[in-house]
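Construct all of the structure, not just a fragment, from the sequences and the given hints.
Here the protein sequences line up with chains A and B, keeping their order.
Counting in our numbering, the first sequence runs from 1 upward without gaps.
Counting in our numbering, the second sequence runs from 1 upward without gaps.
Bear in mind the hints are in silico, worked out from the structure with no lab data behind them.
Glycine included, every Cβ here is placed at the ideal spot set by N, Cα and C.
Any given hint could be a false lead.
To be verified - The calculated DSBU-like cross-link candidates involving lysine-lysine, where the alpha carbons are at most 35 angstroms apart (straight line), are: (1) A:45 - A:91; (2) B:91 - A:65; (3) B:91 - B:45; (4) B:65 - A:91; (5) A:45 - B:45; (6) B:45 - A:65; (7) A:65 - A:45; (8) B:65 - A:65; (9) B:65 - B:91; (10) A:91 - B:91.
Unchecked claim - Listed next, the stretches of chain B that the computed footprint assigns to chain A, with coverage defined by at least 3 CB atoms under 8 angstroms from CB atoms of chain A: (11) 75 to 82; (12) 88 to 95; (13) 99 to 106; (14) 133 to 143.
There are 2 protein chains.
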Amino acid sequence: MIDVANKRGLRRSGCPVSLSLEQFGDRWSLLVVRDLMVRGYRTFKDFQNSGEGISTNILADRLRKLELAGIITAEVEHSDGRRVNYRLTEKGIDLAPVLLDLLIWAVHHEQTAAPCALIERMARNREQVLAEVRRRWRERDSTPFLPPFEDKKRPATKS
Amino acid sequence: MIDVANKRGLRRSGCPVSLSLEQFGDRWSLLVVRDLMVRGYRTFKDFQNSGEGISTNILADRLRKLELAGIITAEVEHSDGRRVNYRLTEKGIDLAPVLLDLLIWAVHHEQTAAPCALIERMARNREQVLAEVRRRWRERDSTPFLPPFEDKKRPATKS
DNA sequence: AGAATCGCTTGCAAATTGCAAGTTAAATTG
DNA sequence: CAATTTAACTTGCAATTTGCAAGCGATTCT
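In structure tokens, the structure reads:
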């Protein structure tokens with residue numbers, strides 16, 4: 001019978017959650033997916049400068065593995081042969097719910113740099129948000145949907 | 001100002017997704033959460049035998065970190081001083097949407113051992129499933145909600 | 001009292017990660 | 001069109017993390 005020994009090491013169990021984590025259960029993979037999904041990033045350098053400080057060898061490795069897993073595609077840009085454009089596949093964009101729920105969870109339980117009110121609104125309009133994310137993907141809209149929530153520069157308060 | 005340098009290494013950015021992954025972005029953490037959430041597992045040995053083959057030192061480490069992160073609690077059992085009962089906190093049970101999304105994603109895109117029809121039904125009744133998971137948590141119901149989807153024993157077909 | 005069980009810890013080898021410095025190919029600049 | 005810059009990686013190496021097997025201390029069972 002079909003034995004799907006995975007590209008990324010052996011298959012540990014048939015549990016779907018376990019299989020998911022075999023593909024992107026690490027510190028970096030989902031951040032790349034996030035960058036592609038909501039920030040409109042497309043190039044190696046975009047990811048590299050994306051704020052979390054991934055090193056180039058690991059980034060290259062993750063991109064290779066995500067491509068192998070069918071979550072992203074890589075295509076050399078026509079107008080500039082140095083650039084590689086990465087894009088999410090349908091399998092990749094289908095991770096949107098996972099990322100949205102991670103976002104919501106973290107805003108509820110961690111001290112994040114994301115504006116709580118905005119995320120609450122997104123949580124309430126879950127389906128709508130997911131539809132919009134998918135629309136952007138379908139139409140290759142790569143304007144940022146969410147900004148990088150970096151650590152707040154403390155706003156100059158009056159006191 | 002409050003500088004939340006995390007227990008688990010430095011805080012890389014304020015991005016909520018990044019913060020989430022700092023806490024459980026690895027091969028094992030979410031599997032422990034899954035075991036607690038839907039399989040009714042509670043002890044070290046339960047996790048150890050849970051099918052994926054985590055080694056004991058790593059398991060101990062993940063349990064410690066999840067506890068530190070406030071995702072699980074550990075309590076020695078009254079009736080048997082050897083046993084430690086692990087349980088999800090509210091922060092932990094709030095990961096249910098994430099796990100459900102992972103489950104659904106994998107069933108859609110990977111060859112898993114979970115019955116597709118069942119998961120499809122769960123996907124359609126998302127809110128209901130989440131409510132039930134939460135109810136189980138609230139009432140400390142630790143009967144299995146989903147079985148371990150191990151690799152299918154090939155059913156003895158006629159030919 | 002002795003054996004078993006549970007939840008770990010320890011030691012060590014192997015794999016993975018992170019960092020800094022290349023390298024290659026393509027574009028841009030002067 | 002030669003020199004420089006840029007983009008996307010590699011490479012080498014040290015540090016960290018992982019995996020495996022064995023062991024250990026505190027109960028509890030027999």
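Tested hints:
1. A:45 - A:91: holds (23 angstroms)
2. B:91 - A:65: holds (31 angstroms)
3. B:91 - B:45: The hint holds at about 23 angstroms.
4. B:65 - A:91: holds (31 angstroms)
5. A:45 - B:45: Between residue 45 of chain A and residue 45 of chain B the Cα gap is close to 45 angstroms, so the pair fails against 35 angstroms, i.e. violated.
6. B:45 - A:65: The hint holds at about 33 angstroms.
7. A:65 - A:45: holds (18 angstroms)
8. B:65 - A:65: At roughly 27 angstroms apart (the allowed maximum being 35 angstroms), residue 65 of chain A and residue 65 of chain B satisfy the hint.
9. B:65 - B:91: holds (14 angstroms)
10. A:91 - B:91: holds (28 angstroms)
11. 75 to 82: violated (count 0)
12. 88 to 95: This one holds; 3 residues, not fewer than the three required, reach chain A with a Cβ under 8 angstroms.
13. 99 to 106: Since three or more residues must qualify, the claim that chain A covers the stretch 99 to 106 of chain B holds, with 7 doing so at under 8 angstroms.
14. 133 to 143: violated (count 0)
Figure legend: structure checked against the earlier numbered hints; hints not met, in rising order: 5, 11 and 14.
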